[in-house]
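> Here's the letter readout for the chains.
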Amino acid sequence: MEELIYKLKEEIIDVLNLEGMKPEDIDENAPLFGEGLGLDSIDALELIVLMEKNYGIKLKNANEGKEIFKSVRVMAEYINEHKTK
Amino acid sequence: MKNKYSIYQKGHSIISPLAHGSYANFEAIIAGKSQLQCYEQRWGIPEPFFASLFQDEHDLNAVETLHETSLHQMEPQYTRFEKLAIKAAEDAIKQANIDASNERVLFILSTTKGNVELLEHLGSCHDNRPYLWYSAQLIAKYFGNQNTPIVASNACISGCAAQIAAYNMLQYSDQYDYVVVVGAEVLSKFIISGFQSFKALSPERCKPFDQNRCGLNLGEAGAAIVYARTKTPEELPEQTIIMEAGAINNDANHISGPSRTGEGLLKSIHKVTENFDTQRIAFINTHGTATLYNDDMESVAINRASLQDIPVNSLKGYYGHTLGAAGIMEVILSSIALQKRMVIKSLGTEQAGTAQPLNVCMENHKIQGDAFLKLISGFGGSNAAVLFSLRQGSGGRSQGTVIRIHNSQFTIHNSIVLPQITIGAQGIDDQLAQLYRNIGMSYPKFFKMDRLCKAGILGAEMLLKDYDFDHENVKADWGIILMNSASSLDNDRRYQETIAEDNYYPSPAVFVYTLANIVTGEIAIRHKIGGESSFYVMPKFDQNLMEEVIGQAFTTNPELTHIICGWVDVDGEECKVNMKLYKRIQNSEIKQ
Chain A
1 MEELIYKLKE EIIDVLNLEG MKPEDIDENA PLFGEGLGLD SIDALELIVL MEKNYGIKLK
61 NANEGKEIFK SVRVMAEYIN EHKTK
Chain B
1 MKNKYSIYQK GHSIISPLAH GSYANFEAII AGKSQLQCYE QRWGIPEPFF ASLFQDEHDL
61 NAVETLHETS LHQMEPQYTR FEKLAIKAAE DAIKQANIDA SNERVLFILS TTKGNVELLE
121 HLGSCHDNRP YLWYSAQLIA KYFGNQNTPI VASNACISGC AAQIAAYNML QYSDQYDYVV
181 VVGAEVLSKF IISGFQSFKA LSPERCKPFD QNRCGLNLGE AGAAIVYART KTPEELPEQT
241 IIMEAGAINN DANHISGPSR TGEGLLKSIH KVTENFDTQR IAFINTHGTA TLYNDDMESV
301 AINRASLQDI PVNSLKGYYG HTLGAAGIME VILSSIALQK RMVIKSLGTE QAGTAQPLNV
361 CMENHKIQGD AFLKLISGFG GSNAAVLFSL RQGSGGRSQG TVIRIHNSQF TIHNSIVLPQ
421 ITIGAQGIDD QLAQLYRNIG MSYPKFFKMD RLCKAGILGA EMLLKDYDFD HENVKADWGI
481 ILMNSASSLD NDRRYQETIA EDNYYPSPAV FVYTLANIVT GEIAIRHKIG GESSFYVMPK
541 FDQNLMEEVI GQAFTTNPEL THIICGWVDV DGEECKVNMK LYKRIQNSEI KQ
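Chains A and B are the protein sequences, given in the same order. Under the working numbering, read the first sequence as residues 1 to 85, first letter to last. Under the working numbering, read the second sequence as residues 1 to 592, first letter to last.
It is worth saying that the hints were derived from the structure and are not from the lab. A few of these clues could be false.
[Unchecked claim] No more than 16 Å apart at the CA atoms, straight line, and that leaves these computed lysine to aspartate or glutamate pairs for EDC-like: (1) Lys199(B) <-> Glu64(A); (2) Lys4(B) <-> Asp177(B); (3) Lys58(A) <-> Glu559(B); (4) Lys4(B) <-> Asp174(B); (5) Lys199(B) <-> Glu52(A); (6) Lys199(B) <-> Asp40(A); (7) Lys53(A) <-> Glu497(B); (8) Lys70(A) <-> Asp40(A); (9) Lys445(B) <-> Glu3(A); (10) Lys528(B) <-> Glu574(B); (11) Lys53(A) <-> Asp502(B); (12) Lys60(A) <-> Glu47(B); (13) Lys445(B) <-> Glu52(A); (14) Lys53(A) <-> Glu501(B).
Assemble the whole structure, with the sequences as input and the hints as a guide.
Written out as structure tokens, the structure is:
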């Protein structure tokens, strides 16, 4: 799990162009949205693409993202459970 | 003091999957018809989608047999998009009975993506065909017109932005007697996949303003209006539709999400209705895309303007959102409705339910009033309101209009030309990032932007560096007008790579930048600019045209004190930025 969390952080930094951030800078238990990383609705949509592209997980409804993107840890747990690649 | 000219509609046409001709389209929608349907596996798009598409190219091909002259024989075959625009324009010009080849006729094209579908087969080669200015020239030349056409590329508000530009050209420039405003949009894998990645499409027929609305449908269409001017409106035939005023305002809030408070749209509504008796407004034709946020935003703006009792409708339930054609075709259909003193039913609305209550028109019915208000909003935070009225037997309105004379005085306060960047040892991205660091900018969002926005945001940053202005509040007295030749093609090519057949993962973060006017939105957000924001596309930088447009913007928007204006172009190997800050000179300053 810790390995997946680290990898996920790297992927998030890459696809969301979080300039100057390192995986260590992201607290895997902190909320992804709201304060902190300064992510917005377009970033949420891009995370949905990341899940499909890298892990073969297709969300039926964009609203499901709200629960899954609570924190990097929650996201990693979801991926671990549902990944198809 | 009143306006010098009355600007009026002299002819119009709509070509849609429903019908050909404005009146045939009007009859079809009055009968409740729509071509919105579900498409599966169209253009290799994995997910099904609802849209209003031309069933075959037969109708569009007909255009080639219409023109009897040989003006265009030298030109290669026209594309679907160009045929649609030409056919719509030809019908409107015929109805207006004008000589479109005359030098006092200007063409203004409205489209968001033009021939973008060609990118799939062009790869990275730089054919002229996907350039919006090139299509615009082909269309104007088809009619023998030699003036350089203008392309209004302001995302979803393009159709209204083009009509406002037409108004300004006719009212203030003295170069033109007629402006042919043409809007067209054809759909493709590019556009559909992008909206799908945004989760913006409804899986069923769209339901504008409905409590259960769940997204928009897209549609194809072409529409054209010939605008003319006169100093003696009392001599116009009764029932002539007069364009009273138009306004554009930026939300300065978000590049893809509408403002929750409807701020920009409210400003535009206020501007076009000031000094106008709103009791005369028979109905409001809204944007009404049927996305949750757009319809809520419009309901908030309409309520804040205290116009919530006026019947409102959306025509998206008939045609879907036809992007660059929408603002034009919806004005035509609303104009005919006004002439017939009726309001068209908002098809798809079953149980209205928006953030603020609206008087949604559920059935076609007769109305009182002799004017209508057109509202439209889009990506880049742009909003527009346009007011139209019927010429009455009494000589109509245009009396008691606000003062608008073309005597704006302005100076160039500051100007910046970024060193021309070309691909060399360092890529453009690296060079832009270098510049960002060199000027000490701290704005993490910069790294999420496409190269056009990066170039524009750096230009604006350097332009405004050390300039004393309000950084805290949204400034309605500041505007942004940018131009270029490649529109967003640089980023369009990048998006195309995300929808390749063997690697199909449409990227919403890339798609959002496939509109040139997003750069005006980014600058508006960064510097809290809430006045007009406009983007025009043309073959090359033209200082005279730019100053003409700035003069018109200062004149038509009396509240504007500053305009950021310039050329921001990124195209493959080149990045050119030449921006200026224009400041209005007050009368008192002139005397000094």
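> Each hint: holds or not?
Verification of the supplied hints:
Taking the CA atoms of Lys199(B) and Glu64(A), the gap is near 12 Å; set against the 16 Å cutoff, the hint holds. Our distance criterion of 16 Å between C-alpha atoms is met by Lys4(B) and Asp177(B), whose separation comes to about 13 Å. Note on Lys58(A) and Glu559(B): the hinted pairing is violated, with a Cα-Cα distance of about 49 Å set against a maximum of 16 Å. Between Lys4(B) and Asp174(B) the alpha-carbon distance is near 11 Å, which keeps this suggested pair within the 16 Å criterion.
Between Lys199(B) and Glu52(A) the CA atoms are separated by roughly 14 Å; this keeps the pair inside 16 Å, and the hint holds. Taking the CA atoms of Lys199(B) and Asp40(A), the gap is about 15 Å. The hint holds against a cut of 16 Å. Taking the CA atoms of Lys53(A) and Glu497(B), the gap is about 14 Å. The hint holds against a cut of 16 Å. Only pairs whose Cα atoms come within 16 Å are accepted, and Lys70(A) paired with Asp40(A) is accepted, the gap being roughly 13 Å.
Straight-line distance between C-alpha atoms of Lys445(B) and Glu3(A) comes to about 28 Å, which puts the hinted pair past the 16 Å bound. Between Lys528(B) and Glu574(B) the alpha-carbon distance is near 29 Å, which puts this suggested pair outside the 16 Å criterion. For the hint pairing Lys53(A) with Asp502(B), the CA-to-CA distance comes to about 12 Å; that is within 16 Å, so the pair holds. Among the hinted pairs, Lys60(A) with Glu47(B) is consistent with the structure: their alpha-carbon atoms are about 11 Å apart, no more than 16 Å.
Under the criterion of a C-alpha separation no larger than 16 Å, the hint pairing Lys445(B) with Glu52(A) is inconsistent with the structure, at around 24 Å. A threshold of 16 Å between alpha carbons decides the hint, and for Lys53(A) with Glu501(B) the separation of about 14 Å falls inside it, so the pair holds.
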